[in-house]
Amino acid sequence: MQLHRAREEFEAAGARLVLIGQLSPRHAAHFRRNEHIDLPVLADEKRDSYRAAGAKVATMGELLGPKVMAKGAATTAKYRVVQGRTIGHPAQLGGAMVIAPGGEITWSHMSDDASDNATPEEILEAVRSAGA
Amino acid sequence: MFGAATTRQTTNPPASADALADIVLPDQDGNEVRLGDLWRDGPVALVWLRHYG
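Sequence order for the protein chains is Y and W. Here the first sequence is numbered in the working numbering, starting from 1105 and rising by one per residue. Here the second sequence is numbered in the working numbering, starting from 1311 and rising by one per residue.
Same shape as in the complex, but just chain Y (with noise of 0.2 Å):
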């Protein structure tokens, strides 16, 4: 499953999906467009969520090293996706919660290195586990 197919699913257990990037509304719009993503995009150029959300900034090694390489490598031969120009900064690392009504965070998953990302099964999962 990717991320921009799995709205139907999520919202089946109960929970609305929204993603967060460091760009430009209009960056946003054209992302949706050019992805094809039937989601809400949020617009964070300033990265002040990614900051209270707890996200790092990577080092060198989080970024290009061997390990994140190999993932990257095989994520490109999955999904047949391939890197194009970076908008924001491009060594910030992102990630996922779950928030329940309340504003109790009930999983979250911030990447170690740019390789470290849940999967949608796992965000997935941890909204049914929070029984949305």
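No wet-lab data here; the hints were simulated from the structure. Watch out, some of these pointers could steer you wrong.
Said to hold, decoys possible - Distance ranges between label pairs, derived from CB positions:
{"#": "1", "chain 1": "W", "residue 1": "Asp1332", "chain 2": "Y", "residue 2": "Gln1106", "range": "30 to 36 Å"}
{"#": "2", "chain 1": "Y", "residue 1": "Pro1205", "chain 2": "W", "residue 2": "Val1334", "range": "17 to 23 Å"}
{"#": "3", "chain 1": "Y", "residue 1": "Glu1112", "chain 2": "W", "residue 2": "Asn1341", "range": "19 to 25 Å"}
{"#": "4", "chain 1": "Y", "residue 1": "Gly1118", "chain 2": "W", "residue 2": "Asp1328", "range": "20 to 26 Å"}
{"#": "5", "chain 1": "W", "residue 1": "Arg1318", "chain 2": "Y", "residue 2": "Ser1233", "range": "40 to 46 Å"}
{"#": "6", "chain 1": "W", "residue 1": "Gly1313", "chain 2": "Y", "residue 2": "Asn1138", "range": "30 to 36 Å"}
What you are looking at is a predicted structure, and each value in this text was computed from that prediction instead of being measured. All C-beta atoms, glycine included, are put in the ideal place defined by N, C-alpha and C.
Mind docking chain W on chain Y? Use the hints.
Frame of chain Y; chain W shown alone:
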């Protein structure tokens, strides 16, 4: 280079989303969204993308 950190950082996700709730971000159409409103009526999965491109 790339604005990379010179020393290894650790992730630091909070236990509650209080620090996130009052952050207001525009969506792809320019509409302002207060993050706390996203989980007011039900759970939400937020995904922070590494970068675009």
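Against the structure, the hints come out as follows:
Here the CB-CB span from Asp1332/W to Gln1106/Y is close to 32 Å, well matched to the stated 30 to 36 Å. For Pro1205/Y and Val1334/W, the Cβ-Cβ distance of about 19 Å falls inside the hinted range of 17 to 23 Å, so the restraint holds. Here the CB-CB span from Glu1112/Y to Asn1341/W is close to 23 Å, well matched to the stated 19 to 25 Å. A hinted range of 20 to 26 Å for the beta carbons of Gly1118/Y and Asp1328/W is consistent with their spacing of about 23 Å.
Separation of Arg1318/W from Ser1233/Y is about 30 Å and departs from the stated range, judged on CB atoms against 40 to 46 Å. Under the hint 30 to 36 Å, the C-beta atoms of Gly1313/W and Asn1138/Y, about 24 Å apart, miss the expected range.
Checked against the numbered hints given earlier, this structure breaks hints 5 and 6; the rest are met.
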